[in-house]
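Enquirer: Listed below, chain by chain, are the residues.
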Amino acid sequence: MTFKHSNSEQQHSRHYFNELLREWSVHFQLEHLSLWECLNKQRHCIWVVDSKLFKKTDTERASHFSVTENYVVTFIADKPEAFLAHLRKQRHWLPILFESALASQQYAINRTLWRELTDDLVSVFDGSFYEKLLNILIDSIPSADSGLFLLYNQRTRKLAVRSGIGFDQEYYQKIQIAPTESIAGTTFTKQELLVFNDEGALCKGMESLSPDNKRLLIQANKMSQPPHAVLSFPIINDGRTLGVVVLQGSSDKACFPHEVVTTMYHIMDYVSLLFGRYQNHRDTQKTKRELEITYRALRTEHKQLQKTLDLYNILTTLIRNNKGIKEIMRAMYEMTLTPITYYDELLLPIASCGTNNSHVLPENFLKTREARYSIRVKKWQLLKLDHENLLLIIPVVGAEKVIGFLCAWINEQTFNDSDRTLLEYSASILGLESMKRQAIDNTKRQLFGDIFEQIISNNFNETMLQQAKNLDLNEKDFYTVLVCEYGHDVSSSINEKFASEACMKWLEQAMREMSIKGLVTHRRGNIVAFLSFPSESDKRAIDQKLTRFCARMNQFPSHIKVGIGRLELGFIRINQSYNDAKQCIRLLHKKKSGKIYRFSSGGIDHLLMNHDSDELHLFVDDHLGLLLEYDVQKNKDLLHTLFVYLENNRNLQKTTEALSIHHNTLYYRISQIEQILSVKLSSTEDWMNLAMAWKIYQFLHD
Amino acid sequence: MTYSIVAKCKETGLFGAAVTSCFPGIGAYSPTIKANIGIIASQGWVNPALGPIGMTYLEEGKTANETLNTLLMKDPGRELRQLIVMDHFGNSAVYTGVENDDAKGHIIGDQFAVQGNILTSLDVLYAVAETFENTKGPIQERLLAAMLAGDEIGGDSRGKQAAAIKVAAEEGFPYVDFRVDDSPEPVQELYSIYKNNKHVLIDQYYEWVNAVKAGIKLEDHQASMNKERGL
Chain Z
1 MTFKHSNSEQ QHSRHYFNEL LREWSVHFQL EHLSLWECLN KQRHCIWVVD
51 SKLFKKTDTE RASHFSVTEN YVVTFIADKP EAFLAHLRKQ RHWLPILFES
101 ALASQQYAIN RTLWRELTDD LVSVFDGSFY EKLLNILIDS IPSADSGLFL
151 LYNQRTRKLA VRSGIGFDQE YYQKIQIAPT ESIAGTTFTK QELLVFNDEG
201 ALCKGMESLS PDNKRLLIQA NKMSQPPHAV LSFPIINDGR TLGVVVLQGS
251 SDKACFPHEV VTTMYHIMDY VSLLFGRYQN HRDTQKTKRE LEITYRALRT
301 EHKQLQKTLD LYNILTTLIR NNKGIKEIMR AMYEMTLTPI TYYDELLLPI
351 ASCGTNNSHV LPENFLKTRE ARYSIRVKKW QLLKLDHENL LLIIPVVGAE
401 KVIGFLCAWI NEQTFNDSDR TLLEYSASIL GLESMKRQAI DNTKRQLFGD
451 IFEQIISNNF NETMLQQAKN LDLNEKDFYT VLVCEYGHDV SSSINEKFAS
501 EACMKWLEQA MREMSIKGLV THRRGNIVAF LSFPSESDKR AIDQKLTRFC
551 ARMNQFPSHI KVGIGRLELG FIRINQSYND AKQCIRLLHK KKSGKIYRFS
601 SGGIDHLLMN HDSDELHLFV DDHLGLLLEY DVQKNKDLLH TLFVYLENNR
651 NLQKTTEALS IHHNTLYYRI SQIEQILSVK LSSTEDWMNL AMAWKIYQFL
701 HD
Chain H
1 MTYSIVAKCK ETGLFGAAVT SCFPGIGAYS PTIKANIGII ASQGWVNPAL
51 GPIGMTYLEE GKTANETLNT LLMKDPGREL RQLIVMDHFG NSAVYTGVEN
101 DDAKGHIIGD QFAVQGNILT SLDVLYAVAE TFENTKGPIQ ERLLAAMLAG
151 DEIGGDSRGK QAAAIKVAAE EGFPYVDFRV DDSPEPVQEL YSIYKNNKHV
201 LIDQYYEWVN AVKAGIKLED HQASMNKERG L
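Note that the protein sequences, when read in sequence, are chains Z and H.
Under the numbering used here, the first residue of the first sequence carries the number 1, and numbering increases by one thereafter.
Under the numbering used here, the first residue of the second sequence carries the number 1, and numbering increases by one thereafter.
In isolation and in its complexed conformation, chain Z is listed as follows (with noise of 0.2 Å):
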């Protein structure tokens, strides 16, 4: 038997003992020299001079000299005595030269393995911690030259081979060990570290494996033969079997001593204290990584809590402050941070935050399949507008209808589907809040609209003027009343019953942009407005003021005829100005053309309105008559020539452009309607009159 390790303590003991039983061999020519160890009764091989020399069986006429209590020296020659008689003389140095070697020897094993344990497996965390310990065990152990390193789990209540040394893995992953199964169970169930140097003793103890499992052990098996010597020791931790080591030596010789198994009995606490700790350096891993998860998700939870909490809070605040849907439009923004409007249920926007340009409604957004399920079940939609851009449709919900839609643009990449929740949620207080103003609002058109009535039948009284000032109409002030006449095809998209509606948000919003005060009711089919200017107001900044107003209304999208009165003092007058109103809208409906009619810019044809048409057709049949008759007889249209001219003041050049005529060809035409009515137009009166008849011939043409 050889020692594998090439520690300079241990190759010097061998060296020496080797040279010592070598020398002695020769010199007596003995056939065999071992050294062996007596140890509970059972004899270790520890050296032996020439291993091809060694047959178990010639131990029979093998001499024996003891050197010490533990120690004998076995040998055969042909002649004994010679050496006997050589060891009878040094009887007396030889155990302490043999305890003095084995001890070195011993402390050589030690301190490698402790070195080796503590210095590359110390360290080690990873899946190598099995292979590693093996090797270091297998390199430090005399006669070790393969192992095995069987876990326990606790699932299958298998030991199983977690990593093999000598042993092919295809066979050793298939062996599954129950606890008492041969030497590495019973090594499990008693926590004890067992040696078997004796092939008796060896096959005994692994008399108990499975078939199965002795035929993928020999399978697994790389050794040229099967283990001569088998030493296995139990990893405890806390008490409790986590596994257990197989050593094995192959060789003829092999053997685990006395002095092997004393450091085994010391390394295996510290090999159970070093696969604790890679244990729970992986357990404190995987905590660590379940950490990281937890942390990672309650994070994310609380964010979203707290940006939940947080809009709560605001929206609350906002509420109860009564500080309107704009504040809580920023609000969303602010938390959300996406660009979103709130749309009325005619899609005029109430309140925007964070938009753009390109934040606008598709074309036939209430055409489209999204919006219309979203009216349907009141709940949000998403369009998608281009590859990543999406419109989130969430319908803001009043008393049992969709009264608008809060409109979200997001990017698909970047939004954050959680933030849906806060808007989904925001919508829902915005329903409320219009369905409070809505409340106010129509509590509000009511009210006027009684007092309107009141006005219209020169009622007044204590109490109406008392509500009228409730509604911020000031007595003193200025007032004009518009008189607006709706059609239905307010919008192609608009279905007509939103058309009455829809026109009186519009006035009330361009109203409000123009920050004209009034207010808005229904009267007779007809929307009716004032509008009150205080009454230190310049009448001329009143009356540009109103232009601008006209030039608004000229926007709505919408047939609309639109009548404003003139501008009256005092709150009593009102009446007036809503007559002048209804009076612009019959002109309008008699000029068939046009929006708005102003009263005050109506020229003469407020006073037209008011004479009988008879004489208006008196009138221009006296002036105009025989002109007419002269066209209709001779199929001339000289009465077209005379309007051209009195449109163009006379200015003969801009009459002929309009005629397209030769200026002869004008004065003719002139000269003959001077004929025809017996008219001088160089005369005033007769200007005057051609021109009053022209423009009464026209209002009745109309």
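Since the hints were made in silico from the structure, they are not lab data.
Even glycine gets a Cβ: it sits at the ideal position worked out from N, Cα and C.
Hints are not guaranteed to be accurate.
Stated by the list, open to error - Cβ pair distances, simulated, as ranges: (1) Z/Tyr425 <-> H/Glu185: 41 to 51 Å; (2) H/Gly13 <-> Z/Phe125: 48 to 58 Å; (3) H/Gly13 <-> Z/Leu305: 39 to 49 Å; (4) H/Ile193 <-> Z/Leu305: 41 to 51 Å; (5) H/Gly159 <-> Z/Ser128: 57 to 67 Å; (6) Z/Arg240 <-> H/Lys136: 38 to 48 Å; (7) Z/Asp238 <-> H/Ser192: 22 to 32 Å; (8) Z/Tyr425 <-> H/Lys213: 46 to 56 Å; (9) Z/Asp126 <-> H/Val212: 24 to 34 Å; (10) H/Arg158 <-> Z/Leu385: 38 to 48 Å; (11) H/Glu130 <-> Z/Glu388: 43 to 53 Å; (12) H/Asp102 <-> Z/Leu305: 53 to 63 Å; (13) Z/His281 <-> H/Val212: 41 to 51 Å.
Use these hints to put chain H onto chain Z, whose structure you have.
Expert: Quick look at chain H alone, frame taken from chain Z:
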């Protein structure tokens, strides 16, 4: 589609779910379970794709709420569905779309959630939840007991047809995975199937997994176990 329950076992960490419906082969559509990851259970007008998609979000580490919100954002038919997402921690997020037929609703409990629609009454959900909470034993048996309790109350108002139970333990190795695709009493049949067959693999699940991984037959194991027990 009727009612389902999803749960995480507080002791073993196993995820499990059971479902029953008046719809053939319901188990093919829902639930989707992954060991150590979570559960997605979709019903109503089922969108089976939500399962695997949602599972990828859960695997990324998203919470149940995040996953549910993202799934809802990507599903135009969300109002037709009922959806439970249970995450790694056993927390559930549930959505009941408004277009599901009554009686409908959901209950979120401690490490479990129940959802149902077209129920005879919401008492079904309460019975399922209470039974699950009050039953001891392995998660699959608690789920089955809960399903039986719901079935007893009335279950699906349209009738009964199919049921399924799934419990995931090791990825790739089905633990409890039984389906009744068409039966007049699907929940009871599901329970019978479990009871009669659990000894085959469920009772020795880990031995089986080990045997499969090691490349040996489970019978060898059984024999050695018997030997070990002196049988």
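Enquirer: Each hint should be assessed against the structure and marked as holding or not.
Expert: Results for each hint:
{"no.": "1", "hint": "Z/Tyr425 <-> H/Glu185: 41 to 51 Å", "result": "44 Å, holds"}
{"no.": "2", "hint": "H/Gly13 <-> Z/Phe125: 48 to 58 Å", "result": "24 Å, violated"}
{"no.": "3", "hint": "H/Gly13 <-> Z/Leu305: 39 to 49 Å", "result": "25 Å, violated"}
{"no.": "4", "hint": "H/Ile193 <-> Z/Leu305: 41 to 51 Å", "result": "43 Å, holds"}
{"no.": "5", "hint": "H/Gly159 <-> Z/Ser128: 57 to 67 Å", "result": "60 Å, holds"}
{"no.": "6", "hint": "Z/Arg240 <-> H/Lys136: 38 to 48 Å", "result": "27 Å, violated"}
{"no.": "7", "hint": "Z/Asp238 <-> H/Ser192: 22 to 32 Å", "result": "44 Å, violated"}
{"no.": "8", "hint": "Z/Tyr425 <-> H/Lys213: 46 to 56 Å", "result": "50 Å, holds"}
{"no.": "9", "hint": "Z/Asp126 <-> H/Val212: 24 to 34 Å", "result": "25 Å, holds"}
{"no.": "10", "hint": "H/Arg158 <-> Z/Leu385: 38 to 48 Å", "result": "40 Å, holds"}
{"no.": "11", "hint": "H/Glu130 <-> Z/Glu388: 43 to 53 Å", "result": "47 Å, holds"}
{"no.": "12", "hint": "H/Asp102 <-> Z/Leu305: 53 to 63 Å", "result": "31 Å, violated"}
{"no.": "13", "hint": "Z/His281 <-> H/Val212: 41 to 51 Å", "result": "30 Å, violated"}
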